[in-house]
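Residue numbers (my numbering), protein chains in the order written: chain A, 1139 to 1651; chain B, 328 to 493.
If you are wondering where the hints come from, they were derived from the structure by calculation, not from laboratory data. Among these hints, one or two may not hold up.
[Unchecked claim] Quick list of simulated restraints, FRET-style, between CB atoms:
no., chain 1, residue 1, chain 2, residue 2, range
1, B, 489, A, 1460, 45 to 55 angstroms
2, A, 1641, B, 436, 48 to 58 angstroms
3, A, 1554, B, 386, 57 to 67 angstroms
4, A, 1330, B, 332, 20 to 30 angstroms
5, B, 465, A, 1155, 17 to 27 angstroms
6, A, 1641, B, 393, 45 to 55 angstroms
7, B, 389, A, 1155, 26 to 36 angstroms
[Said to hold, decoys possible] In silico contact screen, one side only, chain A against chain B (beta carbon under 10 angstroms); selected entries:
no., residue
8, 1158
9, 1226
10, 1232
11, 1296
12, 1299
13, 1303
14, 1331
15, 1334
Since we're looking at a predicted model, the values are computed, not measured. Just so you know, even glycine gets a beta-carbon here, dropped at the ideal spot from N, CA and C.
Chain by chain, the residues:
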Amino acid sequence: MDFVAPKIALSGIAPEIALAATALLVLLADAFIGDRPRTLRPEHGSARPGSGILGNRWHLPLLSLIGFGAAVYLALDAWDRVDATGATTQFSGMIAVDGFSVFVKITLAVFGALTILLGHEYLVRRDLEEGEFFALVLFSVAGMMLMASSADLIVTFLALETFSIALYVLVGYQRSRLDGQEAAMKYFLLGAFSSTFFLLGIALVFGATGSTNLYGEGGITSFLATTPAADLSLLVLGAGLLIVGLGFKVAAVPFHMWTPDAYQGAPSPVTGFMAAGSKLAGFAALLRLLDVVLFPLRWDWRPLVIGIAVVTMIVGSILAVVQDDIKRMLAYSSIAHAGFVFTAVIATNDRGISGALFYLATYGLTIVGAFAIVAVLGGPEERRTRVNDFRGLFAAHPLLAGILTLLMLSLAGVPITSGFVAKLVVFGAAVEAGYTWVVVVGAIASAIAAFFYLRILVVMYMVDAEVAEEPKAVMGPLSIGVIGLSAAATLVLGLFWSPLIELAEKATFFAGP
Amino acid sequence: MVDTWQLVVFWALFAMMGVSALRVVTSSNVVHAALYLVVTLMGAAALYVLLLAEFVAWVQVLVYVGAIIVLMLFGLMLTRAPIGKGMFDNDQRLVAAVTAGALFGVTTWIIVDAFEGQKITLSKATGIRAESIGDVIFSSFVLPFEVISMLLLAALIGAVVIARRD
């Protein structure tokens, strides 16, 4: 057999290449430019008061942000191309270049950039090394992006592993914290476990269809188009295992066990990044797999996914009510939100796909801000994260309390916030598809969920004499900026939602066979 | 038609692997057990060569013999586990025997059932050569190949972050 050199077009994975290259540059710059934090101030346990928060180490976050900017630019460039010529696949059908992947990539780049900004301040205040942190964030965003545009299950698996491995390490990044190490260990073991499910799913799908490719010649799409539906049990079983593997990443019940521990033990900027990015990447793969490729099999997988959606919404909301720690509570709330997005997945219509994209984008922007507030109030080791530690926040920091109120109301889905619009869109899609009862369950879950968001608000505005220690926010300009941006996005998208929804609707076209 | 020398080599490997596999579980010295495991796994690699699957054979040598056994030995050395005769029997012999027997039974049944007694004649055409795998890796699977390098780099950085001394 003669070797045939493949045709290589890079426009489809240009954003990922930009991020990986930036990660390498960050590591190099970290080694050669500026001082390491420990040589900078060996005599201090924590950051020097009064020194500018950027210190003399501004080059690393700046470089990372330039990387994200380049990724957005390249993604927009790819958008222009597919807008003109239509969706295609590249790299012998391994990469799908379509509106869906571009939308997800831009959103992921925004989440990554916000994480860099928060992470910089968080790390400088705690005297932690930054270069590896930024490099790992860049690698994991690259993995997430690859996941969104992967058109082959092998690439999906590798992308999943890339961002997961980076996240396992980021969760335990602050090694002085024992709960962080415990969280990283749990997340790693359970994550490795779920990866084997995903891998076995790929093996079964390959066994059933003879291909791991989604669109190409002889791929799964053309297999489904040409084969009578009689003997597909192996494919359905494989698809079920793929749903298990991805369900773990988006924290769906019953694969949610890692979520509270990992969310609590991770540094708060990382928690926000996990909640926003890992969910978006997981759902991007799920939407492409279920709503597009396995669309002809929807009657087979839908009962399973409906079950997951219902259980996830109910269990997430109920368990959140009994939490005492705000990070654990937001973890369970993120589980419930995964359930809400699943109602858009089972709709299997364009409204569902664009609704899920809108939901994940707005949820991500809100949750990053919420965890940023937790980070600035938590103290150096994030010990002050219990709900009662927020007692009297309004008296101490009225503006911060106001913003947290807005974010919580958005997570609860109250009108004039983006969370309300998002819920409306995904529930609307499910009703359109005829799954009104799932929406009713979702509405009940939202009502339960409202209880614990309100609980935080009540505690926050309560003024009583028993405040043991007033909440104290330690914020620099970067945290303030991210929190403000998150609040502005939550409010503006709650009032003027149509541009983003229209963009998401425009993005719901996929590469075909 | 199977060549006589193929049969001779097969039964020789069978005897070698059988003896060393038994010694893996009966040896009372952990390091000896690990070394017997090397012999068993090398025998499996030789079987793959006999089946004209040279690439799988080399992967077997590199991954199992080269990486996993070395990792086990390093693990023993670094954790101060009792090397030498000893105290590492945890009284789970019966459970282990039943599990291994069940696994053997199920695998054998699946293989016999799947092939239903059909014979496959081996020739250069049916053997999978490393060359053709290389062709595929660097043509249609070039992207996964590159993504793996990014994955390994991320894992490497992660390992440094976790293992670094403060």
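Status of each hint after checking the structure:
no.: 1; hint: B:489 - A:1460: 45 to 55 angstroms; verdict: violated, 33 angstroms
no.: 2; hint: A:1641 - B:436: 48 to 58 angstroms; verdict: holds, 55 angstroms
no.: 3; hint: A:1554 - B:386: 57 to 67 angstroms; verdict: holds, 59 angstroms
no.: 4; hint: A:1330 - B:332: 20 to 30 angstroms; verdict: violated, 44 angstroms
no.: 5; hint: B:465 - A:1155: 17 to 27 angstroms; verdict: holds, 18 angstroms
no.: 6; hint: A:1641 - B:393: 45 to 55 angstroms; verdict: holds, 51 angstroms
no.: 7; hint: B:389 - A:1155: 26 to 36 angstroms; verdict: holds, 29 angstroms
no.: 8; hint: 1158; verdict: holds, 6 angstroms
no.: 9; hint: 1226; verdict: violated, 15 angstroms
no.: 10; hint: 1232; verdict: holds, 4 angstroms
no.: 11; hint: 1296; verdict: holds, 4 angstroms
no.: 12; hint: 1299; verdict: holds, 6 angstroms
no.: 13; hint: 1303; verdict: holds, 5 angstroms
no.: 14; hint: 1331; verdict: violated, 17 angstroms
no.: 15; hint: 1334; verdict: violated, 16 angstroms
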